[in-house]
Amino acid sequence: MLKGHRTWVFHNQPVIISTATVGGPFEANGRLADDFDLLHEDLWLGEDSYEKAHKVLFEEAFYKAIEKGNIEKEQVEFIISGDLVNQITPSSFAARTFGVPYLGIFGACSTSMEGLALSAFIVNYGGAKYLLTGAASHNTAIEKQFRYPTEYGGQKPPTAQWTVTGAGAALLSNEGKGPAVTSATIGRVVDLGMSDPFNMGGAMAPAAVDTIEAHFRDLNIDADYYDLIVTGDLGKIGRNVALELFEKNGVQMDEEKFQDCGLMIYREGQPVLSGASGAGCSAIVVYGHLLNRMKKGELKRILAVATGALLSPLTFQQNETIPCIAHAVSIEFRG
Amino acid sequence: MANEQRKLQTKIMQEYYQLEKKNETKRPVVQNCLRAFLVGGIICSIGQAIQFFYMYFFHFTQQTAGNPTVATMIFLSMLLTGFGVYDRIAQFGGAGSAVPVTGFGNAVISAAIEHRTEGFVLGVGGNMFKLAGSVILFGTFSAFVVALIKTILIKWGGF
Chain Y
1 MLKGHRTWVF HNQPVIISTA TVGGPFEANG RLADDFDLLH EDLWLGEDSY
51 EKAHKVLFEE AFYKAIEKGN IEKEQVEFII SGDLVNQITP SSFAARTFGV
101 PYLGIFGACS TSMEGLALSA FIVNYGGAKY LLTGAASHNT AIEKQFRYPT
151 EYGGQKPPTA QWTVTGAGAA LLSNEGKGPA VTSATIGRVV DLGMSDPFNM
201 GGAMAPAAVD TIEAHFRDLN IDADYYDLIV TGDLGKIGRN VALELFEKNG
251 VQMDEEKFQD CGLMIYREGQ PVLSGASGAG CSAIVVYGHL LNRMKKGELK
301 RILAVATGAL LSPLTFQQNE TIPCIAHAVS IEFRG
Chain U
1 MANEQRKLQT KIMQEYYQLE KKNETKRPVV QNCLRAFLVG GIICSIGQAI
51 QFFYMYFFHF TQQTAGNPTV ATMIFLSMLL TGFGVYDRIA QFGGAGSAVP
101 VTGFGNAVIS AAIEHRTEGF VLGVGGNMFK LAGSVILFGT FSAFVVALIK
151 TILIKWGGF
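Chains as they are written, first to last, in the UniProt record's numbering: chain Y, 1 to 335; chain U, 1 to 159.
Take the hints with a grain of salt, since some may be wrong.
[Stated by the list, open to error] Using 27 angstroms as the maximum straight-line C-alpha spacing, the simulated DSS-like pairs for lysine-lysine come out as follows:
1) 257(Y) - 11(U)
2) 129(Y) - 257(Y)
3) 257(Y) - 295(Y)
4) 52(Y) - 144(Y)
5) 248(Y) - 64(Y)
6) 144(Y) - 11(U)
7) 130(U) - 156(Y)
8) 156(Y) - 26(U)
9) 52(Y) - 130(U)
10) 11(U) - 248(Y)
11) 156(Y) - 21(U)
12) 11(U) - 21(U)
13) 26(U) - 248(Y)
14) 177(Y) - 296(Y)
15) 130(U) - 144(Y)
16) 129(Y) - 68(Y)
17) 68(Y) - 295(Y)
18) 64(Y) - 156(Y)
19) 22(U) - 156(Y)
20) 22(U) - 257(Y)
21) 177(Y) - 156(Y)
22) 177(Y) - 52(Y)
23) 248(Y) - 130(U)
FYI, nobody ran anything at the bench for these hints, they're computed from the structure.
Please model the entire structure based on the sequences and the hints provided.
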């Protein structure tokens, strides 16, 4: 049901019955290594191209989610997923492997929560009994897509972020046990004129703030309602900017409560500069680490706000600014 | 900077630009310069050593030793790029590893490695000079312009 301007409230409370996360070697050395279902020590994943390895990340996350959900592949009715490669081929090719009806989506790094919001909407209104959603990114495949060749020696500025190698998938159902998706706020495209592709956090922060404020307004709640409000990949700079924007707009926001997925994955000392990014970043942190914490009872209500920069290498070269978006999904666990 | 101003049309945008810049981690310019000096200096010293090596053992002259020296440096750069080391040196060294001929080699070789999966003709062949192509084009063009100016000055300037 639509509440306010752009928030859906899911009265039937679709349940995330299982999730799966897959990571690469760099993530295995990170802080959240224990929260992964599967970790790879080789970026190639035994394939002969990074794009194929990217597809395998998806396939493994989907298989693992189905296995953990104790259902058969044939019971999955739809797959909704996306990634950052041109024409979202890894996602579509993984869906080819499964042969399940499929909707491909693109929201850059906000794809994970865009997918979860749409999936929850469909399940809430009886559109599916079992629905699989996910997002992934692969460091070298995405760097190749958006930046220079991976082995090219270009010095990255301290504002740059590190693209995550990983996939996160969630299996939703209208019955069963687990964390429930209670509401979702769809973001609008926000562009405040930032144009540095090596500073995505600074460009995306206003979009995250816009969506979070809309979520509070539509549901008539404030930050106290949640135990944790987590953004997708704002990184160090984006997070600080967002906090300052909240203060400027008069929205009370506890600094401890406002975290960023891009700052959780890696350890101090890993050369990630401003933090992690990529479509897989919010997917693996929310579907892995945060839902695990919810199941342990550490968190009851979280708001996951995945942020995406909707640029392409072409628009950047044509001197366009970076339009950004953020989608918020509220997940609650009554255990 | 002019470019930035053109894009920041509204007041909200300008305000946000100020707010964002304040939070941005600045490039450590002095540190980068020192590192570039160090790394660039080391690379050039190695080049100099190789040049002496060719002159001493293979009887090249100072002029003719240039070609085998450049070839050796590019070969070393190729090995380091292939082993995934050069980009790490570059993150530390910045301009120091980009300006010498090894940086040019790295730009060509990294693109060739990257596009290997698309085949030898359209992949490696078509993309190898993706980054270095503009260096060659504008390098050649500026050499032409400089030569033209020199010619004109000598012919008509009477220098």
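Hint check results:
This hinted pair does not check out: residue 257(Y) and residue 11(U) have alpha carbons roughly 31 angstroms apart, beyond 27 angstroms. A hinted pair counts as satisfied when its Cα atoms are at most 27 angstroms apart, and residue 129(Y) with residue 257(Y) does not qualify at roughly 34 angstroms. Simply put, residue 257(Y) and residue 295(Y) have alpha-carbon atoms about 18 angstroms apart, close enough for the 27 angstroms limit, and the pair holds. Only pairs whose Cα atoms come within 27 angstroms are accepted, and residue 52(Y) paired with residue 144(Y) is accepted, the gap being roughly 14 angstroms.
Restraint check for residue 248(Y) and residue 64(Y): not satisfied, since their Cα atoms lie roughly 44 angstroms apart, outside the 27 angstroms limit. For the proposed pair residue 144(Y) and residue 11(U), the alpha carbon gap of about 36 angstroms is over 27 angstroms, so the pair is violated. Using a Cα cut-off of 27 angstroms, the hinted pair residue 130(U) and residue 156(Y) holds, with the two alpha carbons roughly 19 angstroms apart. This hinted pair checks out: residue 156(Y) and residue 26(U) have alpha carbons roughly 12 angstroms apart, not beyond 27 angstroms.
With a CA separation close to 23 angstroms, the supplied pair residue 52(Y) and residue 130(U) stays within the 27 angstroms bound. The hinted pair formed by residue 11(U) and residue 248(Y) meets the criterion: a straight-line CA distance of about 15 angstroms does not exceed 27 angstroms. Distance check on the hinted pair: residue 156(Y) and residue 21(U) sit about 17 angstroms apart at the alpha-carbon level, within 27 angstroms; holds. Only pairs whose Cα atoms come within 27 angstroms are accepted, and residue 11(U) paired with residue 21(U) is accepted, the gap being roughly 15 angstroms.
This hinted pair checks out: residue 26(U) and residue 248(Y) have alpha carbons roughly 23 angstroms apart, not beyond 27 angstroms. In summary, the hint linking residue 177(Y) to residue 296(Y) is supported, as the alpha carbons are separated by about 14 angstroms, within the 27 angstroms threshold. With a C-alpha separation of about 12 angstroms, the suggested pairing of residue 130(U) with residue 144(Y) holds against the 27 angstroms cut-off. Between residue 129(Y) and residue 68(Y) the CA atoms are separated by roughly 16 angstroms; this keeps the pair inside 27 angstroms, and the hint holds.
For the hint linking residue 68(Y) to residue 295(Y), the alpha-carbon distance of about 15 angstroms falls within 27 angstroms, and the restraint holds. Between the alpha carbons of residue 64(Y) and residue 156(Y) the distance comes to roughly 35 angstroms, so the proposed pair goes past 27 angstroms and is violated. A threshold of 27 angstroms between alpha carbons decides the hint, and for residue 22(U) with residue 156(Y) the separation of about 19 angstroms falls inside it, so the pair holds. A distance of roughly 23 angstroms separates the Cα atoms of residue 22(U) and residue 257(Y); the hinted pair therefore holds under the 27 angstroms criterion.
Taking the CA atoms of residue 177(Y) and residue 156(Y), the gap is near 45 angstroms; set against the 27 angstroms cutoff, the hint is violated. Straight-line distance between C-alpha atoms of residue 177(Y) and residue 52(Y) comes to about 34 angstroms, which puts the hinted pair past the 27 angstroms bound. For the suggested pair residue 248(Y) and residue 130(U), the alpha carbons sit about 44 angstroms apart, so the restraint of at most 27 angstroms is broken.
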